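Asker: Given the coordinates of chain E, work out where chain A should sit on it, guided by the hints.
Residue numbers (this note's numbering), protein chains in the order written: chain E, 185 to 415; chain A, 25 to 507.
Rather than coming from a laboratory, the hints here were simulated on the basis of the structure. Careful: at least some of the hints might be erroneous.
[Stated by the list, open to error] Covered by chain E, per the in silico footprint, the following chain A stretches (three or more residues, Cβ under 8 Å):
hint	stretch
1	140-150
2	188-196
[Claimed, not checked] The following residues of chain A were derived to be distant from chain E, with all beta-carbon distances above 12 Å:
hint	residue
3	E77
4	T109
5	S204
6	G231
7	D248
Model, not experiment: these values are computed from the prediction. Even glycine gets a Cβ: it sits at the ideal position worked out from N, Cα and C.
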Amino acid sequence: MASFVKFTINGKTCLAEEGAQLVEAAKENGIYIPTLCNYPGIPPKGSCRICTVLVNGIGQTACTTKVVEGMTVQTSTPELEEFRKSVIEILFAEGNHLCPSCEKSGSCELQALAYRYRVTVPHFPYLFPKRDVEAWHPKLVKDHNRCIQCKRCIRGIRNGKGQALFAFGKRGDKVVINIDPETSRDISDALAQEAMDMCPVGAILRKEKGFDVPIGKRKFDRQPIGSDIQA
Amino acid sequence: MSKKIVIEPVTRVEGHGKVTIHLDDQGNVAQSRLHIVEFRGFERFVQGRPYWEAPVLVERLCGICPVSHHLAAAKAVDVIAGAGTGDGLTPTAEKIRRLMHYGQMFQSHTLHFFHLASPDLLFGYDAPPEQRNVIGVALANRELATQAVLMRKYGQEVIAATAGKKIHGTGAIPGGVNKSLTIEERDTLLKGRAPLNADKMIAWSQGALAFFKDYYKKNKAFIDGFSQFPSNHLSLVRKDGALDLYHGVLRAVDAAGKKILNDVDYQDYLSHLREEVRSWSYMKFPFLKILGKEKGWYRVGPLARLNTADFIPTPLAQKEFEAFKAVTGGKPNNMCMHTHWARLIEVLHSAEVIRDLLLDSDITGTDLVTKGKWQPVGVGVIEAPRGTLMHHYRVNEDDLITMANLIVSTTHNNEPMNRAVNCVAKAMMTGQKEITEPMMNAVEVAIRAYDPCLSCATHAYGQMPLEVSLYDATGKLISQRRK
Numbered sequence: 185m186a187s188f189v190k191f192t193i194n195g196k197t198c199l200a201e202e203g204a205q206l207v208e209a210a211k212e213n214g215i216y217i218p219t220l221c222n223y224p225g226i227p228p229k230g231s232c233r234i235c236t237v238l239v240n241g242i243g244q245t246a247c248t249t250k251v252v253e254g255m256t257v258q259t260s261t262p263e264l265e266e267f268r269k270s271v272i273e274i275l276f277a278e279g280n281h282l283c284p285s286c287e288k289s290g291s292c293e294l295q296a297l298a299y300r301y302r303v304t305v306p307h308f309p310y311l312f313p314k315r316d317v318e319a320w321h322p323k324l325v326k327d328h329n330r331c332i333q334c335k336r337c338i339r340g341i342r343n344g345k346g347q348a349l350f351a352f353g354k355r356g357d358k359v360v361i362n363i364d365p366e367t368s369r370d371i372s373d374a375l376a377q378e379a380m381d382m383c384p385v386g387a388i389l390r391k392e393k394g395f396d397v398p399i400g401k402r403k404f405d406r407q408p409i410g411s412d413i414q415a
Numbered sequence: 025m026s027k028k029i030v031i032e033p034v035t036r037v038e039g040h041g042k043v044t045i046h047l048d049d050q051g052n053v054a055q056s057r058l059h060i061v062e063f064r065g066f067e068r069f070v071q072g073r074p075y076w077e078a079p080v081l082v083e084r085l086c087g088i089c090p091v092s093h094h095l096a097a098a099k100a101v102d103v104i105a106g107a108g109t110g111d112g113l114t115p116t117a118e119k120i121r122r123l124m125h126y127g128q129m130f131q132s133h134t135l136h137f138f139h140l141a142s143p144d145l146l147f148g149y150d151a152p153p154e155q156r157n158v159i160g161v162a163l164a165n166r167e168l169a170t171q172a173v174l175m176r177k178y179g180q181e182v183i184a185a186t187a188g189k190k191i192h193g194t195g196a197i198p199g200g201v202n203k204s205l206t207i208e209e210r211d212t213l214l215k216g217r218a219p220l221n222a223d224k225m226i227a228w229s230q231g232a233l234a235f236f237k238d239y240y241k242k243n244k245a246f247i248d249g250f251s252q253f254p255s256n257h258l259s260l261v262r263k264d265g266a267l268d269l270y271h272g273v274l275r276a277v278d279a280a281g282k283k284i285l286n287d288v289d290y291q292d293y294l295s296h297l298r299e300e301v302r303s304w305s306y307m308k309f310p311f312l313k314i315l316g317k318e319k320g321w322y323r324v325g326p327l328a329r330l331n332t333a334d335f336i337p338t339p340l341a342q343k344e345f346e347a348f349k350a351v352t353g354g355k356p357n358n359m360c361m362h363t364h365w366a367r368l369i370e371v372l373h374s375a376e377v378i379r380d381l382l383l384d385s386d387i388t389g390t391d392l393v394t395k396g397k398w399q400p401v402g403v404g405v406i407e408a409p410r411g412t413l414m415h416h417y418r419v420n421e422d423d424l425i426t427m428a429n430l431i432v433s434t435t436h437n438n439e440p441m442n443r444a445v446n447c448v449a450k451a452m453m454t455g456q457k458e459i460t461e462p463m464m465n466a467v468e469v470a471i472r473a474y475d476p477c478l479s480c481a482t483h484a485y486g487q488m489p490l491e492v493s494l495y496d497a498t499g500k501l502i503s504q505r506r507k
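With the rest of the complex left out, here is chain E (with noise of 0.2 Å):
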């Protein structure tokens, strides 16, 4: 039987199984701590720094933090509203993010999270990077101008022998997700669509499958991210 632990957000008591995901447990208290790298089902990697929030003071991401019992959490301050807001405008600052024509407008994470810390123009200089479209492979697309190196399809997307779709290449700054034109062959139409769904940016796309969904009915239109947790 599950042993549930006390512990409080921004002041509130919360309850939670002992050991679950900060950023679930937060989730199940209906409070919203924002997520870019992580997804659900997949182990958490606390790359993306965006989920970052204060444990007993100290800042830890929350995607890799489990909760123990009597632990305080504040996940709202002025200083982490703005990491988070800076977070946001340095991924957009180092890609080339150019959402009028991507496929993944309306449902994108980053485009989502920008519009609700209200990023208007990035503080730091855009670096304009010269990035490639990979598109040999006959069912998906990978633009590297988008990535954000979040690393959720090198850790989710897995072929029927559980082998790695998406590999890192390169090093340092030039580091890009390619595809693995050995694991990734014979895909089903179903994987490759997993794998632009898992991707939270325009970054991997199926072969011919852009703007199907009508404005209005993407994913951000009309609820914008978290506000289904809280507003």
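Answerer: For chain A alone, kept in the frame of chain E given last:
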């Protein structure tokens, strides 16, 4: 002493351009030019993108007629996706696209006539600038101004219902559309709360035509004679010769009405058209290959369309078309200011088509997309509000665009607009010691008749800062006037 007159920016047109007029020592017009001073670069930066992005990417060319670019690109990528040209789509997809396009035509033409052109007609091109603008129209004729705003709103609502939003929607996708109309959307447009319904739009379109025809009766000499010159005319027409703004074959007639391009498939446009580059403008000069650079230039747009089409397939507009054709005895109409008349006939036609499409059960259908055998090249042509619009894409085996060629309506009208400037400059400025503001506006009136979209994105109307500088033959500034 020779003079150089510069009109910059040209006002009450879409985008930015300037006019230069050189007068020689005797005060005769030695040279005149309409310069396009903007560079957009869409043909280049669409390269390397997946082809299905093209309709959504290139529509950002324009905030007034994004639907035209969206659909021209969609028609081109239909070919690449194997859905054929025009008639390959499902009935629902084809009719939703038509509805979107005629909504676009309705709102854009309304915007141009009422907001941009009507101040010149209501008050005269020589009226004070502070009156000669859309605010002046609203103050002088409240009912007309209200109708103008609501007609444009209706057209935008049609676009929003079919494309998802009023500006820069995503309705057309390769091989079809991503939505049809719900019953509720259809009923709102068809018989929504007055005055925003289809029948009222038809009635108001007739009112706008009556307004123009009344003005014409009183100002026949001006409307007939202002910037009038013979030209060829080009547009799409339906296979049976009917006016069709969404799809058809390319037809061109000369100034006397002889067919010089006889209903050819636009996939083959490169066999019939060429583009010339001139060093002083960012806009190219297209011409009909068969006639060459000197004689092959032509007009596009409402006037050209009514010159190439044999009839209009809606009854009220057909009746107006017959009256329009009677003025020239059935021959092509080469009178520049009659473009406004032709435009208003198209407004009425668009309203009729919108009403008919809303009454068609296919408009709420669910069969939205067709696909076929992939092709490496696609050409899409549509009749945009300002005229024939061509999109041509080539893709590699990975579906990425390797080449794009866009010939927009205003580009087709480049040479005619330059001729119009020359025509008016000669008539108004020859031998004049002083160049007045009304003379400059007269040049703009001629350009405005073509409803040019110089950047396809920006908007400027009302009184804009306009500066005219007079230079002597050595280039020394003699005098300067601002309005």
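Asker: Please go over all the hints and tell whether each is borne out by the structure.
Answerer: Structure-based check of all given hints:
1. 140-150: violated (count 0)
2. 188-196: Since 6 is at least three, the answer is holds.
3. E77: The assertion about E77 (chain A) is violated, with a minimum of 5 Å to chain E.
4. T109: 18 Å, holds
5. S204: S204 (chain A) is in fact no farther than 12 Å from some Cβ atom of chain E, at 10 Å.
6. G231: 33 Å, holds
7. D248: 45 Å, holds
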